[in-house]
Amino acid sequence: MYNKGTIIPGLIIFVVLMLFAIFNNAGKKIEAPKVEKPVGYKECVKPVQYMKESHMELLNVWRDEVIREGKREQVEAGGVLYEKSLQNGCMHCHTNKTKFCDVCHTFASVYPYCWDCHVAPQEDLALKEAR
Amino acid sequence: MRVLYPFIAVLALIVVAFLGGKVTGLQYLLGVVLPYLAFGVFIVGFVSRVLNWAKSPVPFRIPTTCGQEKSLPWIKYDRLDCPSNKLEVLGRMILEIFLFRSLFRNTKAEIHDGPKLVYGSSKYLWLFALLFHYSFLVIVLRHLRLFTAPIPFFVPLIEFADGMLQIGAPRLYLTDSIFLAAIAFLFLRRLISRQVRYISLPADYFPLFLIFAIGVTGLLMRYFYRVDIAAVKQLTAGLAAFSPVLPAGIHSIFFVHVTLVCALMIYFPFSKLMHMGGVFLSPTRNMSNNNRAVRHINPWNDPAIKPHSYAAYEDEFREFMKDAGIPVEKE
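As you go down the protein sequences, you meet chains A and B in turn.
Taking our numbering, I'd label the letters of the first sequence as residues 1318 to 1448.
Taking our numbering, I'd label the letters of the second sequence as residues 18 to 348.
Derived by calculation from the structure, the hints in this document are not laboratory data.
Worth double-checking, as some hints may not be accurate.
[As the list claims (entries may be wrong)] FRET-style restraints, in silico, Cβ to Cβ:
no., chain 1, residue 1, chain 2, residue 2, range
1, A, V1436, B, S194, 42 to 52 angstroms
2, A, T1423, B, V233, 24 to 34 angstroms
3, A, E1393, B, G266, 23 to 33 angstroms
4, A, R1389, B, A29, 48 to 58 angstroms
5, B, G42, A, I1339, 24 to 34 angstroms
6, A, V1365, B, Y45, 16 to 26 angstroms
7, B, A29, A, L1334, 28 to 38 angstroms
8, B, S138, A, K1351, 25 to 35 angstroms
9, B, G108, A, K1351, 52 to 62 angstroms
Glycine included, each C-beta is placed from N, C-alpha and C at the ideal position.
Please construct the entire structure, taking both the sequences and the accompanying hints into account.
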């Protein structure tokens, strides 16, 4: 074998980089994120699987309908009417951002820009108390 | 045919994976067994391929020289295009690996009326190759979010920069669109340019189709047929932690994506894609051109065979040469 001095270290660097995730996760137990479900509400505006996969799309559509087209009619789920709104609709039941939204988002490294403008209800209270 | 067969091969992979992804038993095969197998083949294949190259001797200096060689001190020489020492080779290699300098030097020949042959600069290949490779790198790094727990600090930073335009939800990544555009260019270039089409083989089209399909399935998964990302991460991070769990309810498109990526990893060490390692080992780039300054001796020369100079030759055969009327230097 020729040029051992450069090729062997090069290959070691390559293998270490490729196995980065394995070293990073070594000894860690990967557990499915567990979200806190709302108490007293059984049904969401859409089925669970849809919400798991595509809630961001629904929020986007709602934003466009409410803000741009002025369609503010309420959405029905299990006989209850909800506002088309993140703060007053979704978070009417899912009150806790840290124990609901953030659980999966942090797990999958998703940082939505909802919170650039919106304030989570409970954090809102905390802010008011702080003042 | 050279385009059609690779296309059918990729299509077949997609169909098999899509149907397999719908069957629970096969999901385990496609989502757990195949990735481990493919990753093993990739690493072992890559390393053994490089070691195999390292075993081949390169006894002589064979760098491609594209400039004035170093000679007398008052003749200016080209440090990058005709490097004379390791430092200059390092500069040449860095520019080659990070900026694809040899593609930048690409020229195009055209015949005009006259007939007149015209050479011109042609930077498209360089530009799109660069865009393609760097987008691919960013995409691979972004995928670390699905394989690592905890997620290293640089992954969210890359995601933030990549999704900066905040188009749609989930945010459109710039590299996703650049990647597909670049690979579309690289494919069309092979189809449209007559000269390039003539030298293109199935082995050129197959990786293009495969990588394009990987990109498209990835986009479909992110923007159209959404998958439950938390369930996906449970599987992928579990794979990297060697405790794979297969959560139920993952859309079949995910298994298509994974199967195609596995196919790419298995194909990698046996194909032209090995240029990833090969660029570091190409003797026409990584050798200094010091043929005149240093004597390079062929390593497998038999030491028992001594140099035989002309003077010694003449000494040995002088009488015979004289008899045959061949002129000799020494009487």
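So, going through the hints one by one against the coordinates:
| no. | hint | in the structure |
| --- | --- | --- |
| 1 | V1436(A) - S194(B): 42 to 52 angstroms | 33 angstroms, violated |
| 2 | T1423(A) - V233(B): 24 to 34 angstroms | 29 angstroms, holds |
| 3 | E1393(A) - G266(B): 23 to 33 angstroms | 26 angstroms, holds |
| 4 | R1389(A) - A29(B): 48 to 58 angstroms | 50 angstroms, holds |
| 5 | G42(B) - I1339(A): 24 to 34 angstroms | 26 angstroms, holds |
| 6 | V1365(A) - Y45(B): 16 to 26 angstroms | 23 angstroms, holds |
| 7 | A29(B) - L1334(A): 28 to 38 angstroms | 32 angstroms, holds |
| 8 | S138(B) - K1351(A): 25 to 35 angstroms | 59 angstroms, violated |
| 9 | G108(B) - K1351(A): 52 to 62 angstroms | 54 angstroms, holds |
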